[in-house]
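Q: Sequence:
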Amino acid sequence: MRILLNSFGLALLALLSTATVQQCGKPAITPKTVLGSDGRVIGGQEAVPGSWPWLVHLQMDRDGEKRFDCGASIISGKWIISAAHCFVREDNCMGELCHKRLDTDASHYKARVGQHRNSDGAGLDATARDYPIRRIIIHELYNMAKSDSPADIALLEVDGLISFTSVVSPVCLPTARSDPPAGQSCVVAGWGETIPQLAKLKSVPLSGHSKASSTVVMQVGVDIVNRRTCNSTQYYNGVISDDMICAGTAGKDACQGDSGGPLVCKDAAGAYTLEGVVSWGEGCGAYQKPGVFARVGHFIPWIEAKSDINSGSPAVSATVQLCLTVLLILSALTF
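By UniProt numbering, the letter at position 276 of the sequence shown is numbered 276, and the numbering carries on one by one without gaps.
The set of hints was computed from the structure by calculation and includes no laboratory data.
Just to be clear, a hint being listed does not mean it is correct.
[As the list claims (entries may be wrong)] Below are the DSBU-like pairs computed for lysine-lysine, each with C-alpha atoms no more than 30 Å apart in a straight line:
#1 Lys266 <-> Lys26
#2 Lys146 <-> Lys26
#3 Lys266 <-> Lys110
#4 Lys32 <-> Lys146
#5 Lys26 <-> Lys110
#6 Lys110 <-> Lys306
#7 Lys32 <-> Lys266
#8 Lys32 <-> Lys100
#9 Lys100 <-> Lys306
#10 Lys306 <-> Lys266
#11 Lys26 <-> Lys306
#12 Lys146 <-> Lys110
#13 Lys100 <-> Lys110
Given only the sequences and the hints, what does the whole structure look like? Please build it.
A: Following this line, the structure appears as structure tokens:
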């Protein structure tokens, strides 16, 4: 029996040797250069399919209602990250007054990875795969009564392991307290609105679906805006907290439907790091109203406490994780 188990273990080790640790933030498909001059997600361009492999299309299926909901990002084989406001539901509305509640029933959601075309537009990509959600964790300090609430961040654990491919892989997490400097060029990607005139001209979370949503993944280059500038009276008049990042210029921004999606910045080693999660803004691409993002570096201790993720560790593919689990079981049986 022990000989059989040892032989099986050797076979698993051989399989493990062919499965590599997935390097975060390094797309197998090179992204299109973001020059930023043409600015449409507001002000951007269509992304090369699969070039933002951590991008997730988070969808809601509640009471038979199926619609686009939010973006998200893969940060490990089991975890994705999005915005807390994506899970706010409004019921019993009378005009603009609605009863708000958090819907964290995981059975209402699914995560679609490997997708380029919006399913509402041109059908499902052959590379796309859906994963059910096991649980949703909303940050304890998020206040759904405020459209500009701090702590607009959520963790989602998928049911099973995400299979990494050339078009599905994780983004790197920043180090704790990471805060990208003003002027740094970063990228936003998503399926949100591309027509500024259709954006709501008030402070709103950037979730939801409309006829202006893109049918393909769009990308736009945005520059980080100094937090003090963003808090000035001409901009957001003091509501920008330390756990937020401002990024974008007139005509270049995230917009409705991009919520929860990634703001990524390239590090010195050439890897993309998830510095922000699309949160809210006034209008889309409006003058002196840059997009506002949850600052991921601020939340690293929370992310590590709520999940099994270490921001300094590489993500491991589903094959590697399965092999390691079985090897641990075999080790227990042989001793």
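Q: Each of the hints needs a verdict: does it hold here or not?
A: How the hints compare with the structure:
1. In summary, the hint linking Lys266 to Lys26 is supported, as the alpha carbons are separated by about 10 Å, within the 30 Å threshold.
2. For the hint linking Lys146 to Lys26, the alpha-carbon distance of about 36 Å lies beyond 30 Å, and the restraint is violated.
3. Of the supplied pair hints, the one linking Lys266 and Lys110 holds, its CA atoms being roughly 29 Å apart against a limit of 30 Å.
4. A hinted pair counts as satisfied when its Cα atoms are at most 30 Å apart, and Lys32 with Lys146 does not qualify at roughly 36 Å.
5. Straight-line distance between C-alpha atoms of Lys26 and Lys110 comes to about 25 Å, which keeps the hinted pair within the 30 Å bound.
6. At roughly 20 Å between alpha-carbon atoms, Lys110 and Lys306 fall within 30 Å of each other, so this suggested pair holds.
7. The straight-line distance between the Cα atoms of Lys32 and Lys266 is roughly 14 Å, inside the 30 Å bound, and the hint therefore holds.
8. The straight-line distance between the Cα atoms of Lys32 and Lys100 is roughly 40 Å, outside the 30 Å bound, and the hint therefore fails.
9. Simply put, Lys100 and Lys306 have alpha-carbon atoms about 25 Å apart, close enough for the 30 Å limit, and the pair holds.
10. Proposed proximity of Lys306 and Lys266 is supported: the alpha carbons are some 26 Å apart, at most 30 Å.
11. A hinted pair counts as satisfied when its Cα atoms are at most 30 Å apart, and Lys26 with Lys306 qualifies at roughly 25 Å.
12. Only pairs whose Cα atoms come within 30 Å are accepted, and Lys146 paired with Lys110 is accepted, the gap being roughly 26 Å.
13. The straight-line distance between the Cα atoms of Lys100 and Lys110 is roughly 22 Å, inside the 30 Å bound, and the hint therefore holds.
Against the hints set out earlier in the document, violations occur for numbers 2, 4, 8.
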